[in-house]
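Student: Each chain, letter by letter, is given below.
Number of protein chains: 2
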Amino acid sequence: MIAFSDIEAAYHVVKPIVHKTPLLTSATLDRHCDNRVFLKAENFQRIGAFKIRGAYNKIASLSSAERNRGVVAHSSGNHAQGVALAASILGVQATIVMPKSAPPNKVAGTKSYGAEVVFCEDSSDDRERVAGLLEKERGLVPVPPYDDDMIIAGQGTVAVEIAQDIRDLAYLFVPVGGGGLIAGNAVAAKSLFPKVKVIGVETEAANDCYQTFRKKEIVRINPPATIADGMRTQSIGKRNFEILMEYVDDVITVSDEHVVDMMKFLIERMKIVVEPTGAVAPAAVYHNVLKLAGKTVCAVISGGNVDPALLKKIL
Amino acid sequence: MIAFSDIEAAYHVVKPIVHKTPLLTSATLDRHCDNRVFLKAENFQRIGAFKIRGAYNKIASLSSAERNRGVVAHSSGNHAQGVALAASILGVQATIVMPKSAPPNKVAGTKSYGAEVVFCEDSSDDRERVAGLLEKERGLVPVPPYDDDMIIAGQGTVAVEIAQDIRDLAYLFVPVGGGGLIAGNAVAAKSLFPKVKVIGVETEAANDCYQTFRKKEIVRINPPATIADGMRTQSIGKRNFEILMEYVDDVITVSDEHVVDMMKFLIERMKIVVEPTGAVAPAAVYHNVLKLAGKTVCAVISGGNVDPALLKKIL
Chain A
1 MIAFSDIEAA YHVVKPIVHK TPLLTSATLD RHCDNRVFLK AENFQRIGAF KIRGAYNKIA
61 SLSSAERNRG VVAHSSGNHA QGVALAASIL GVQATIVMPK SAPPNKVAGT KSYGAEVVFC
121 EDSSDDRERV AGLLEKERGL VPVPPYDDDM IIAGQGTVAV EIAQDIRDLA YLFVPVGGGG
181 LIAGNAVAAK SLFPKVKVIG VETEAANDCY QTFRKKEIVR INPPATIADG MRTQSIGKRN
241 FEILMEYVDD VITVSDEHVV DMMKFLIERM KIVVEPTGAV APAAVYHNVL KLAGKTVCAV
301 ISGGNVDPAL LKKIL
Chain B
1001 MIAFSDIEAA YHVVKPIVHK TPLLTSATLD RHCDNRVFLK AENFQRIGAF KIRGAYNKIA
1061 SLSSAERNRG VVAHSSGNHA QGVALAASIL GVQATIVMPK SAPPNKVAGT KSYGAEVVFC
1121 EDSSDDRERV AGLLEKERGL VPVPPYDDDM IIAGQGTVAV EIAQDIRDLA YLFVPVGGGG
1181 LIAGNAVAAK SLFPKVKVIG VETEAANDCY QTFRKKEIVR INPPATIADG MRTQSIGKRN
1241 FEILMEYVDD VITVSDEHVV DMMKFLIERM KIVVEPTGAV APAAVYHNVL KLAGKTVCAV
1301 ISGGNVDPAL LKKIL
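Taken in order, these protein sequences are the chains called A and B. Okay, so the first sequence: first residue is 1 according to the working numbering, each after it adds one. Okay, so the second sequence: first residue is 1001 according to the working numbering, each after it adds one.
Because the hints were derived from the structure by calculation, they are not lab data. Virtual Cβ for every residue (Gly too), placed ideally from N, Cα, C. Careful: at least some of the hints might be erroneous.
[As the list claims (entries may be wrong)] Here chain B is said to cover these stretches of chain A; the calculated rule only asks that three of the stretch's residues, wherever they fall, bring their Cβ under 8 Å from a Cβ of chain B:
1) 271-285
2) 302-311
[What the hints assert, rightly or not] Label-pair ranges, simulated between beta-carbon atoms:
3) Glu1204(B) / Ala170(A): 49 to 55 Å
4) Glu8(A) / Glu1242(B): 56 to 62 Å
5) Gly91(A) / Ala1170(B): 43 to 49 Å
When you get a sec, could you build the whole thing from the sequences and use the hints?
Tutor: Spelled out as structure tokens, the structure:
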């Protein structure tokens, strides 16, 4: 299991290339939920999501022999672009396996960073199969999306930046997909803010981590139907599970309707665009699921890469 | 005519109540136009637009006798909310004359700050008539939208903040409606950045200031059909004209299509929501109307209060 020192090391690696994203506030939001709320705006991060942090930390840690072989990742979303940009900055060739149905703008985004895109069938089984083939046939080095120490340490640098801007924090709300973001930030936050409670947030349909936390074993669910596409992973990873049980205080859920309402609030009142998964942790704060009052809380906005057609539908 | 010292004085007045808005950057934007671009994000300002700066500076300057009488303003847009919030903070009763057709969310926003809303017919003649009546009958003090020294000085505090964050600036692009924002910021910028060129930007249909600058006299146009609702004023003010001729280096135009493209770029790439008028100055930079290269430039985003229905249409 990683320690805070791994995240400090990751921070020195990623600091020169990531944006330090702002902590946003809103008097209306504070009044609505009766707490002092900070939103960590990773929608303003490079590639539009936190994923660049872990991907860069991972690829930067490879030996020069490994870098020469090139890297492979499978993703239809932000991890693809994170790996593509990180590899490009480090002069490493990246191959990204994407489902045939991936949105054209995400395919174009990934290619724009110089990555080769290999298409596969839409199931996650086929994604893994094709990525595995490329790993063997071409000798490519895999960059996993979340179940990896360097990835987890990289994602944990979000909390390092939060602690540069606020001294005291009672609650940190983090969205959970495969568990990379919450694992890194739970380890970091518990060192940086000794009294903080770290809360994972999922949508109701994508509640595998909610069940996992209560059963104390990894629960795998069927592919969930949720608007939060970053939460369509069926279970969290093994390393992520170990950190979850040791460092996370609770896992809660919000409805897809609350996510949509939150996206609208962020657009209309705070003038920012977030993707559905990015609105999940703010929604838990806005609707005050934990019934807190007078606390300093922070919710992580994981990203802002929403499909314009979906955004239109939401409006 | 106001001097920079008036803007410095205004800055001390408004500093405790306005947000210091960020200067946003985008590597994609820089690459696209081959300049180093900063966007001053007044869409993140209180009430969602710069108008709070001038309104607060004006109302704070009133005598206690005037404050006791209350203030009146006419506006269908951001000035209404700016006056309403500024008056509310200062404990002054505000009456806002709004056209019957004003969007319900703007009426609700204005009322939410405790202002009384009086409806009038949709023509700007009727707005002025009703506001004039209230001024006489109730003894209310008018808060003009732009042709006023205290309003101009307040709006000029935008440039004071810009100068806190960047040392050198070659070009400052400012959208022009009635001329309050550009007048204050032209005076301020020429003191803060001695070599800066200050450029006004309008949409092609709303080009009264473009014509005014060239004719060297105030040109009044018919109500322009432009997506940039903040530019539907028919002419700039007298005080604004005087400053324009002395401090502004050029006035240029962009098409409504470029404004819509810019709004999309800001949503999709920079994850921020701006109103059409707020995208006008960035559009001039993005499309590099002046054919600059390698310059440090800043464009002011005037606000973010876009009607969700219009935003939907744009997407």
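Student: Check the structure against each numbered hint from earlier and tell me which ones fail, lowest number first.
Tutor: Hint check: 5 fails alone, others pass.
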